[in-house]
Amino acid sequence: MLLVAGHDSDTFGDEQSPRRLLGTTTVYEGRVWDVVSEEFTLTDDGESITRDFIRHPGAVAVLVLNDDDQVLLIRQYRHPVRMALWEIPAGLLDEEGEDFVDAAARELAEEADLTAGRWHVLVDLFLSPGSSSEALRVYLARGIGDVPESDRHTRTHEEAEIELKWVDLDTAISAALEGRIHSPSAVAAILAAGVARGNGFADLRPATTPWPEHPSQHSTWPRGAVLES
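According to the UniProt record's numbering, the sequence shown is numbered sequentially starting from 1.
Think of the hints as simulated: they come from the structure by calculation, not from any bench.
Built from N, CA and C at the ideal position, the CB exists for glycine as well.
One should not assume that every hint holds.
With beta-carbon atoms standing in for the labels, derived distance ranges [said to hold, decoys possible]:
#1 178 / 126: 21 to 27 Å
#2 11 / 149: 45 to 51 Å
#3 206 / 11: 16 to 22 Å
Based on the provided sequences and hints, a complete structural model is requested.
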């Protein structure tokens, strides 16, 4: 086990740690994400290692909190797990150049017919860092309003079955801790909101906070170049 020294216990955090990239091959090209195979070394003179993973555009999600301390959950069918899950509004970052919080507002309008006047960053996640580059930013949205009827998005496929439900935050916390809901974005957001509520959400980051962990913000790693960690 490697013990890391020199990190204050109050300020420690994940760090970008680029390694020497020897090559990248696209194994599968999908509609939304690709599977790539990359060869790299952990050190300058280290052995070659190959890893396959999903190259994902990333996503944003929204925990909506109303003035009655209720959060908005949506029920949607997810085919890979063959279950209808209680989730929070979310969507892919698949529109080039779109600001992260603007994408979150778009998804909130499309999936829940809602707008929000106050936005904060609630939590940032890598959903499965051992197998996917997917980065997720979850926002807390308050100051809720309705999208005008004439401007509402027409939902299709699985989204056409979406059901909306307002749930007391404490009830949602219990559901997460008791294993009754399983969406990672919903569970993380609900528990984070429960903690943040303790001081009136004063410690949350502004919605415009940079997100350097998202793959689009990484520097390009030249093939064969030695990059310092």
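Outcome of the hint check:
no.	hint	result
1	178 / 126: 21 to 27 Å	25 Å, holds
2	11 / 149: 45 to 51 Å	48 Å, holds
3	206 / 11: 16 to 22 Å	19 Å, holds
Of the hints listed earlier, there is not a single one the structure fails to meet.
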